[in-house]
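Read top to bottom, the protein sequences are chains A and B.
Residues in the first sequence are numbered consecutively from 1, following my numbering.
Residues in the second sequence are numbered consecutively from 1, following my numbering.
For the record, the hints were derived by calculation from the structure and aren't laboratory data.
All figures in this text were calculated on a predicted structure; none of them were measured in a lab.
The beta carbon of each residue, even a glycine, is placed where N, CA and C say it ideally should be.
Each hint should be verified, as a subset may be incorrect.
Quick list of the computed label-pair ranges, beta carbon to beta carbon [as the list claims (entries may be wrong)]:
no.: 1; chain 1: B; residue 1: A119; chain 2: A; residue 2: P90; range: 39 to 45 Å
no.: 2; chain 1: A; residue 1: V42; chain 2: B; residue 2: E127; range: 49 to 55 Å
no.: 3; chain 1: B; residue 1: A119; chain 2: A; residue 2: D303; range: 35 to 41 Å
no.: 4; chain 1: A; residue 1: R282; chain 2: B; residue 2: R245; range: 36 to 42 Å
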Amino acid sequence: MGNSTEVAGLFDGYARDGFFDEFFDDHGEVRPHYAPLMARLVGFTSDDLSRRGRLRDAAFRSQGITFTVYDEGEGIERTFPMDLLPRIVPADEWSHIEAGLVQRVTALNAFLDDLYVGERAVIHDGIVPPWLIESSDGFCREAFGIPMPLGARCLVSGVDLVRDGEGTYRVLEDNLRNPSGISYVIENRVAMTRVLPTVFADQQVRSVDHYGRSLLNALARVAPQASGDRPTVVVLTPGVFNAAYFEHVFLASQMGVELVEGRDLVVDDHVVSMRTTRGLQRVDVIYRRIDDDFLDPVVFRPDSSLGVPGLMAAARAGNVTIANAVGNGVADDKAVYAYVPDVIRYYLGEEPILPNVETYLLWDEDQRAEALDRLDELVVKPVAEAGGYGIVIGPSATDAELDQCRRQVEADPRGYIAQEVVALSRHPSLVEDHLEGRHVDLRPFILSGEHVEVIPGGLTRVAMRKGSLVVNSSQGGGSKDTWVLTAEPLADELDDLGPEMEA
Amino acid sequence: MLARDAESLFWTGRYLERAESTARLLDVTYHSLLETTPSEEAQAWQGVLSAVRLDRRFAETKRPLSAGAVSEFLVLDPDNAGSILSSVDQARENARTVREQLSTELWESLNSFGLQLRARNLRADLEFQPHELYGLVRRQCQTVAGVAAETMARDEGWRFFTLGWNLERAEMACRLLSVRYRQLSPSAFHEWMGTLRSASALEAYRRTYRASMDPVDVVEFLLLSRTFPRSVLFSLRTAQNQLDRLAEEGETSRPRRQLGRVCASLEYADVRELMVGDLGAELFAVEEGIRQVALSVATQYFSNSHEFDLHSLQLMPGDRG
Chain A
1 MGNSTEVAGL FDGYARDGFF DEFFDDHGEV RPHYAPLMAR LVGFTSDDLS RRGRLRDAAF
61 RSQGITFTVY DEGEGIERTF PMDLLPRIVP ADEWSHIEAG LVQRVTALNA FLDDLYVGER
121 AVIHDGIVPP WLIESSDGFC REAFGIPMPL GARCLVSGVD LVRDGEGTYR VLEDNLRNPS
181 GISYVIENRV AMTRVLPTVF ADQQVRSVDH YGRSLLNALA RVAPQASGDR PTVVVLTPGV
241 FNAAYFEHVF LASQMGVELV EGRDLVVDDH VVSMRTTRGL QRVDVIYRRI DDDFLDPVVF
301 RPDSSLGVPG LMAAARAGNV TIANAVGNGV ADDKAVYAYV PDVIRYYLGE EPILPNVETY
361 LLWDEDQRAE ALDRLDELVV KPVAEAGGYG IVIGPSATDA ELDQCRRQVE ADPRGYIAQE
421 VVALSRHPSL VEDHLEGRHV DLRPFILSGE HVEVIPGGLT RVAMRKGSLV VNSSQGGGSK
481 DTWVLTAEPL ADELDDLGPE MEA
Chain B
1 MLARDAESLF WTGRYLERAE STARLLDVTY HSLLETTPSE EAQAWQGVLS AVRLDRRFAE
61 TKRPLSAGAV SEFLVLDPDN AGSILSSVDQ ARENARTVRE QLSTELWESL NSFGLQLRAR
121 NLRADLEFQP HELYGLVRRQ CQTVAGVAAE TMARDEGWRF FTLGWNLERA EMACRLLSVR
181 YRQLSPSAFH EWMGTLRSAS ALEAYRRTYR ASMDPVDVVE FLLLSRTFPR SVLFSLRTAQ
241 NQLDRLAEEG ETSRPRRQLG RVCASLEYAD VRELMVGDLG AELFAVEEGI RQVALSVATQ
301 YFSNSHEFDL HSLQLMPGDR G
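Based on the provided sequences and hints, a complete structural model is requested.
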């Protein structure tokens, strides 16, 4: 494990505990794509690292890169802790992930377009049962007939991937509504290049800072035809008290567009405008970061003051495009998720490249019986929740919790699914003055427009508590800068490395 | 730009200037009072409270008219929306809602100022090193202003930010003058000097008027100087400049007309005449004029109402509260 005492010190007592480790292979050897990083770690003492950690914290705080946690009614600004050790994905692994994500999102776009503006062929052909769709919380009749140019309903998706004990990447959730986290991807990279510039030196890491341009392009491409060459795009935020407000600001400024709140917009004669210092100005595309339910008090929750009265009618009239499309939640329903592999086969005629996590549908009598039998070995999740809420992890649950879970499932079998426990892969993370293995997942971001584009890398979330499998930021998770390496080192670098490699 | 964003920038500027002026005023008052009698002291603190128009609010708190109580009220009282701490918080909150309009450096300098202030033990500062605290506030406000000047494009956002900043500065300067003018006798050399110092104007004043400390000269300088950036006229002209550029070609907006009138009355004023007549009334008129301008700016640019606006008509179901 390297012959430097410093590195040995950092890794003192490091144990893989039988999990798939991103950094070390089964024999405890550093994986080849981590070798240059390991070489750079030589010469870093734990003091060096903690000094850089303080540097990072100060930078994040003064830039206000924070999310808000509500505790006893008082909002507290927290920074999202970034671990100093980056996660590295080699080029071949990434091209597999990328192909799988493009395939999956392409199929999901086709599926949602079919449901909301198509013939619902997927139902008629018996791929997905109609009652399952209709009983889904995320299914939204108000979205029928609302056009989405290019069928890019999942304009931004943030698919959660996990690696199991064999290192196979599996899809855990698709997150087709309002996935957040891209701002951390970009800010983490900026912070890493400032705090630990030297570790980038030996490797070609693919950049992520073109996201704003890519997003704006995708949004402009889905503008209503009548809006011409330079459509007016805005980001719609619930406001400064929203936990992800920093990200909304970030996206608006990366794209150079206005960040609006519901009260800044008015709808008149099915046309959406924003109030400016010079009167009303027409809006063509709204990248909304408000949930469906709050978008339009005329159609959805009448008590919502975050939305814009008349917005849905304007969208239906084709005068404004709302992205992501309304009603995507149906595909985020965890019981519908179980059908995504079939959906891919149905629309694309291809085998899914990235498998799901093994899922049991609890409304099916046989599957339910089997699952309830093995409840202490499985994870049970409510179908409509995101962010890790309401999950019961069998192996770590008490008997009382399992009993309660069983009763809930029996009372509402459609409302839950069960999954095999995935032994999430682990990655060395800095814990005080040394490194310990912590479970990680990966949320790449995918843009649909003219093409489906995957931003290299994504947000690696880390379960900072020892042994914990829950990586959500709302549940005390941290993050890592995630590097995707280019396929080939640049030619001149090959030359530089040449003699050394021979030696 | 969005009407709401314009308003937030305007108030960011105003609150920062309020924090800075308050710090300057407190600093000078505190240090000029170190060798005075208690009755003089009470009178001076009363003057400070009037200058920031918080005399009535302070009286309601039933606190004694002492250096400690007034400073605490004006520096760190969270219930006093005009305290330095509240002003900086509000500047920061306003800036937060328009972050996408600000340069990263500008937001960082404002944000870290806010955090720095929150992290300090302000009570201990007031007790042991008030000068250091006031210096910090002044320097940080100047840093924000400098970073803004160096990094913000001269677009609408900049204009509203500068407009708010300068209207507040002119208003504060006006009030300071009327309080001082009422309180001070012409021979109160040190106090007039302190007044200049609170505006960082002492050196500039001396270069113009030499070492004389004639109240007529001091008032003329702080009210009418065309070269000193904290004088009332200079601030108003800066504000006027912003309004001119905000107005569309050939348009004479209401705030522009109003501010033009205020400026004209100062541009052609003669201080000696004013001092013989009723300077207090004149200053009050200017202050009132500035307030009207701010109101018209809000009507013209910030409240873009619309006849079919369900938000303001409260026609939404369930919106009966």
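Comparing the hints with the structure gives:
no.: 1; hint: B:A119 with A:P90: 39 to 45 Å; verdict: 43 Å, holds
no.: 2; hint: A:V42 with B:E127: 49 to 55 Å; verdict: 51 Å, holds
no.: 3; hint: B:A119 with A:D303: 35 to 41 Å; verdict: 39 Å, holds
no.: 4; hint: A:R282 with B:R245: 36 to 42 Å; verdict: 25 Å, violated
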